[in-house]
Amino acid sequence: MLLEVRDLHVEFHTRDGVAKAVNGVNYSVAESETLAVLGESGSGKSVTAQAIMGILDMPPGRISGGEILFKGRDLLKLKAEERRKVRGQQMAMIFQDALSSLNPVLSVGEQLGEMFVVHRGMSRKDAKLKAIELMDRVRIPAAKERVGNYPHQFSGGMRQRIMIAMALALEPSLIIADEPTTALDVTVQAQVMDLLAELQRELHMGLILITHDLGVVADVADYIAVMYAGRIVESAPVHEIYKAPAHPYTKGLLQSIPRLDQKGQELYAIKGLPPNLLHIPPGCAFNPRCPMAQEICRGEVPPLFEVAQHRESACYFWKETLDAR
Amino acid sequence: MRAEQGSIRAGGEPILEVIDLVKHYPLTQGILIKKQVGAVKAVDGVSFELAAGETLGIVGESGCGKSTVAKMLVHLEQPTSGAIKYKGEDITKLSGRALKAVRRNIQMVFQDPYTSLNPRMTVGDIIGEPYEIHPEVAPKGERRRKVQDLLDVVGLNPEYINRYPHQFSGGQRQRIGIARGLALNPEIIVADEPVSALDVSVQAQVINLLDRLQAEFNLSYVFIAHDLSIVRHISDRVGVMYLGRLAEIGTDEQIYDHPTHPYTQALLSAVPVPDPMAREYRERIILHGDVPSPAHPPSGCRFRTRCWKAQERCELEVPLLAVPAVFRLTDTAAAHDSACHFAEEKQVVPPEGLLEVPETEPVEPGAPKEPGGPGEPAAPDDATGKGDGPAPPSGGAHAD
Chain A
1 MLLEVRDLHV
11 EFHTRDGVAK
21 AVNGVNYSVA
31 ESETLAVLGE
41 SGSGKSVTAQ
51 AIMGILDMPP
61 GRISGGEILF
71 KGRDLLKLKA
81 EERRKVRGQQ
91 MAMIFQDALS
101 SLNPVLSVGE
111 QLGEMFVVHR
121 GMSRKDAKLK
131 AIELMDRVRI
141 PAAKERVGNY
151 PHQFSGGMRQ
161 RIMIAMALAL
171 EPSLIIADEP
181 TTALDVTVQA
191 QVMDLLAELQ
201 RELHMGLILI
211 THDLGVVADV
221 ADYIAVMYAG
231 RIVESAPVHE
241 IYKAPAHPYT
251 KGLLQSIPRL
261 DQKGQELYAI
271 KGLPPNLLHI
281 PPGCAFNPRC
291 PMAQEICRGE
301 VPPLFEVAQH
311 RESACYFWKE
321 TLDAR
Chain B
1001 MRAEQGSIRA
1011 GGEPILEVID
1021 LVKHYPLTQG
1031 ILIKKQVGAV
1041 KAVDGVSFEL
1051 AAGETLGIVG
1061 ESGCGKSTVA
1071 KMLVHLEQPT
1081 SGAIKYKGED
1091 ITKLSGRALK
1101 AVRRNIQMVF
1111 QDPYTSLNPR
1121 MTVGDIIGEP
1131 YEIHPEVAPK
1141 GERRRKVQDL
1151 LDVVGLNPEY
1161 INRYPHQFSG
1171 GQRQRIGIAR
1181 GLALNPEIIV
1191 ADEPVSALDV
1201 SVQAQVINLL
1211 DRLQAEFNLS
1221 YVFIAHDLSI
1231 VRHISDRVGV
1241 MYLGRLAEIG
1251 TDEQIYDHPT
1261 HPYTQALLSA
1271 VPVPDPMARE
1281 YRERIILHGD
1291 VPSPAHPPSG
1301 CRFRTRCWKA
1311 QERCELEVPL
1321 LAVPAVFRLT
1331 DTAAAHDSAC
1341 HFAEEKQVVP
1351 PEGLLEVPET
1361 EPVEPGAPKE
1371 PGGPGEPAAP
1381 DDATGKGDGP
1391 APPSGGAHAD
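Keeping their order, the protein sequence lines are chains A and B. Once you know that position 92 of the first sequence is 92 in this note's numbering, the rest is easy, because the numbers rise by one and skip nothing. Once you know that position 295 of the second sequence is 1295 in this note's numbering, the rest is easy, because the numbers rise by one and skip nothing.
Any given hint could turn out to be false.
A partial selection of chain B residues facing chain A, derived with a Cβ cut-off under 10 Å [to be verified]:
1. Gln-1172
2. Ser-1201
3. Val-1202
4. Pro-1276
5. Ala-1278
6. Ile-1285
7. Leu-1287
8. Gly-1289
No lab work stands behind these hints: they were computed from the structure. This one's a predicted model, so the numbers in the text were calculated from it and none came from an experiment. Heads up, the beta-carbon is just placed ideally off N, CA and C, and yes, glycines get one too.
Pulled out of the complex, with its shape left as it was, chain A reads as follows (with noise of 0.2 Å):
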């Protein structure tokens, strides 16, 4: 297994008390494989991602338990320095706002090569004929002429993509991808999408895909695990969530999709609203918007139930979810 995340329980200590933004999250991710981690703001997905990353903000953020295994190894008990080689050469992270991500004043061809520089100890004129080479491999025309242009000298697909060249740099096995094409329009986030998934195959990467969208996810996605107030309430293979899900949130996710047989019908809408961190609600945390919560689910915190073989749901109910179709 290239990833392992293991109960991992991450804080935030705000003036307000303590917000719980990641509680017990396990995923893991194999070589060449895709999951996709699906959830709301809020729900502690970015977070996650972060610890694992090791760029969460500390304080106000802590790390209160759990492991994050990469290649067998605990990066939580790495040493700082250990930690930076790990970061950026074996794992990369491709972010939603690629504008704020980049530094402006910067050249892009800087920043690529910046990587070679730092991690391999390049000459910059051999790292700027690096940072070519990427500008030419994630499509951006004439790499020769543009690698001196500033961030703002392209366009919102090219930008992301001068990202995605960034983290494959140094050839990393794990990409995690932080909504990359969240602020793109549809066309461009379509070549995009293509452009990570072609070079995941070629390169043989895990992915983690984390986004709200579940056409994206449906799309690309070889695992998924949905994600509701710090905790995994579902995980499954792709085509069986959509199929048949077993957690009423899913479920309600899935349904609040407009479909073609029901134009000019009320959509089904998951009532009230996601929980505030700082009081998440006892028991499951989907009880207060659940349609079939019953007494059980405010007392205590539902397990992860084993629904078939790699596939948990954390509902007490989760057979007459399936079943209830």
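For this one, chain A is given, so just place chain B on it according to the hints.
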């Protein structure tokens, strides 16, 4: 409900008519003596009609001019040329009292509920502010009660009237924005990406609210969004914009199931389908390059620089938004306005039944094989024997 609206549309006068609307933002050079050196052609000749009780969806990518159109409809921007006729009267020429009276009837709901509400005003003040400008709608003593009624209508607790925007979540704030839009009992609501900033589970709630309000107050919507599935759900008719112009316009069925403009086809094919089964069936058209700058749009057809069908004619001749000649005499769903010289029907969104049960693909007669797709989505496993298949495929998938 929708069928009724259809008949209104067929017989009635349009409540809003937009004719050849143009908005150019000048590009100037020089500090003291400003010289105009060009113009950003944000909107460049857009025409459409909106019937009473109808929802017109406008889709397009960022920079296509859809938001500029919205701003002109509510008179936040003055068009460079063209007319916006509200019940036959051109509102772009109005001023003073006459304009004020018209503006009451066309209200807007904004995209971002975090920046479109004044953080220093209470919800009551925000929703009640339109009454300060139009006191004839509600006399002073009645305003508070009216605001509370509105809160109730949009599904918020009327007791929240003294709270501030930051005390609400995104979805609730958008409800406040909608309540403000409704305050003056308008006939038309222009909604510019009203759900894009909301979480998926909350989007459906707001869409349902808009749908319910339309039936309750007989509103007409201009619904601008980039999420094609939501637009389809809520709209009676849909217009597709590209670089300041309408590429195609028609009923939702005509646009989604029988698109004839290559841009619409590419746009539809690029939308991720929330069904992993679709991976094998979908034929995706990946467009190359980026949208050209609206300051220097291409000559002729604006889409030609990214179009796989482009020929010399596209460079020389601007295609008109009209029913393409090939379909003019036919009575199919493809016969709707499309601004393309080489309009051709192409089904890009697989019919839903096809996704659920892998049946053998109904062969589209004469469907050309475009670059970028395998064009042979035959199911690997023979699943034709399944008994629970949808309606027989001969039921009229194509009417020609």
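Each hint tested on the structure:
{"no.": "1", "hint": "Gln-1172", "verdict": "holds (8 Å)"}
{"no.": "2", "hint": "Ser-1201", "verdict": "holds (4 Å)"}
{"no.": "3", "hint": "Val-1202", "verdict": "holds (7 Å)"}
{"no.": "4", "hint": "Pro-1276", "verdict": "holds (5 Å)"}
{"no.": "5", "hint": "Ala-1278", "verdict": "holds (7 Å)"}
{"no.": "6", "hint": "Ile-1285", "verdict": "holds (9 Å)"}
{"no.": "7", "hint": "Leu-1287", "verdict": "holds (5 Å)"}
{"no.": "8", "hint": "Gly-1289", "verdict": "holds (8 Å)"}
Violation of the numbered hints given earlier is absent; every hint is satisfied by the structure.
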